[in-house]
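> Protein chains in written order, with this note's numbering: chain Z, 106 to 308; chain F, 106 to 308.
Incorrect hints may have been included.
A pair counts as met if it fits within one copy or between any two copies, since identical chains are not told apart.
Within a straight-line C-alpha distance of at most 25 Å, the following computed SDA-like cross-link-like pairs (lysine to any residue) qualify [as the list claims (entries may be wrong)]:
{"id": "1", "residue 1": "K198", "residue 2": "E179"}
{"id": "2", "residue 1": "K198", "residue 2": "E223"}
{"id": "3", "residue 1": "K198", "residue 2": "S294"}
{"id": "4", "residue 1": "K198", "residue 2": "D130"}
{"id": "5", "residue 1": "K198", "residue 2": "R125"}
{"id": "6", "residue 1": "K120", "residue 2": "R180"}
{"id": "7", "residue 1": "K120", "residue 2": "A158"}
{"id": "8", "residue 1": "K198", "residue 2": "E297"}
{"id": "9", "residue 1": "K198", "residue 2": "R180"}
{"id": "10", "residue 1": "K198", "residue 2": "T156"}
{"id": "11", "residue 1": "K120", "residue 2": "Y163"}
{"id": "12", "residue 1": "K198", "residue 2": "R176"}
Keep in mind the hints are simulated off the structure, nothing from the lab.
Number of protein chains: 2
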Amino acid sequence: MSEKPAANARGPYAKGVARRQEILDRAIEVFAERGSDRTSLRAIAQEVGVTHAALTHYFGSLEELLVEVYRESERRGDRLPVPPGETPLDMVKHWAESNRQVAGLVQLYSTLVAAALEEGHPAARDFATERFARVRNDLAERVVRNQQDGRLRADVDPHAVAALVIAASDGLQTQWLLDPDAPQDAALSLLETLLAAPQPDAR
Amino acid sequence: MSEKPAANARGPYAKGVARRQEILDRAIEVFAERGSDRTSLRAIAQEVGVTHAALTHYFGSLEELLVEVYRESERRGDRLPVPPGETPLDMVKHWAESNRQVAGLVQLYSTLVAAALEEGHPAARDFATERFARVRNDLAERVVRNQQDGRLRADVDPHAVAALVIAASDGLQTQWLLDPDAPQDAALSLLETLLAAPQPDAR
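Using the sequences and the hints, build the whole thing.
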């Protein structure tokens, strides 16, 4: 209609973007503090301090808002980058440590994954499917590098290692959240030991 | 009030027990066919063919009904017993195989675990916490036997192995449900190989 691009930095569109971001910022605070208990969009709107209509306008559905909260939180570097030489297990231990600071986001992750497995939650399903595939690929590339530099055993399939490490990370996190006596650290260390390249000096 | 015990096989109480069981039987069929999509008790009542009031009377809440559906399904031996000599990985592969027959119950499991991690779902939390602790103990005992009979490496902590195997089982199942190309079998076989006792003849 106009020569201005839709994403121009002024005008109603830009205001909308800024407002959406404000709401998202506040929603992230709410979830980090209170957990993601799958409640109504109306209850969340109240907590965030906007109308139900505004949330629907900017995010479409509760599910899409939850996905955006998680994505934005990840983008902000709640998970700091791990140096490329570190193994997948180093990454997982790092995740486990940082996740303990933000229980709400861990709950949100498990809620989104559970929703993804149910019928009728396309946004959660797309999010979880894409995320698992991407993290598996990233970790598999890391495994290949670790095998080349002699940190991980060379006789294991990188994609199987990646899937196993992610599963161990997710599953042990769940067990630990429900029961602090569950041996999360011991089990991650065990997997690390099992995957380590044999030491030339070892008997 | 009466000399009859509360659980007498006749009278209104017995009728109530039978009716509750009928509803539970039907609910299990519904979930096995359609998945556990976390919906309202009202919608489930309609599907099962009872009133909302009846469901509330017999099960209290949607959450408690879901827990009972899962427990009853397990009791019925959807998961056949595995011989004691089998390793935890044999069990997990067996679970993975039988779970592929009942996608609805797998969804129900992940829904209950996700609810357990949220606030305000005491029935799901009790179910998941008790179940993880019990399965960890069962598998740890199995690991000890497998270590004694030389099937599993002796230098690993049985409780850490148990937690790791459960996490791998749950997490790989999730990845596979979202993406049939996720290497569930390869990753379980990898864990099996890593945990196997070294063969005396191996180089």
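> State for each hint whether it applies.
Against the structure, the hints come out as follows:
no.	hint	verdict
1	K198 / E179	within (16 Å within a copy, 33 Å between copies)
2	K198 / E223	between (29 Å within a copy, 23 Å between copies)
3	K198 / S294	both (9 Å within a copy, 23 Å between copies)
4	K198 / D130	neither (27 Å within a copy, 43 Å between copies)
5	K198 / R125	neither (34 Å within a copy, 46 Å between copies)
6	K120 / R180	within (22 Å within a copy, 57 Å between copies)
7	K120 / A158	within (17 Å within a copy, 48 Å between copies)
8	K198 / E297	both (10 Å within a copy, 22 Å between copies)
9	K198 / R180	within (19 Å within a copy, 36 Å between copies)
10	K198 / T156	neither (40 Å within a copy, 49 Å between copies)
11	K120 / Y163	within (12 Å within a copy, 52 Å between copies)
12	K198 / R176	within (21 Å within a copy, 33 Å between copies)
The structure fails to meet hints 4, 5 and 10 from the earlier list, while all remaining hints are met.
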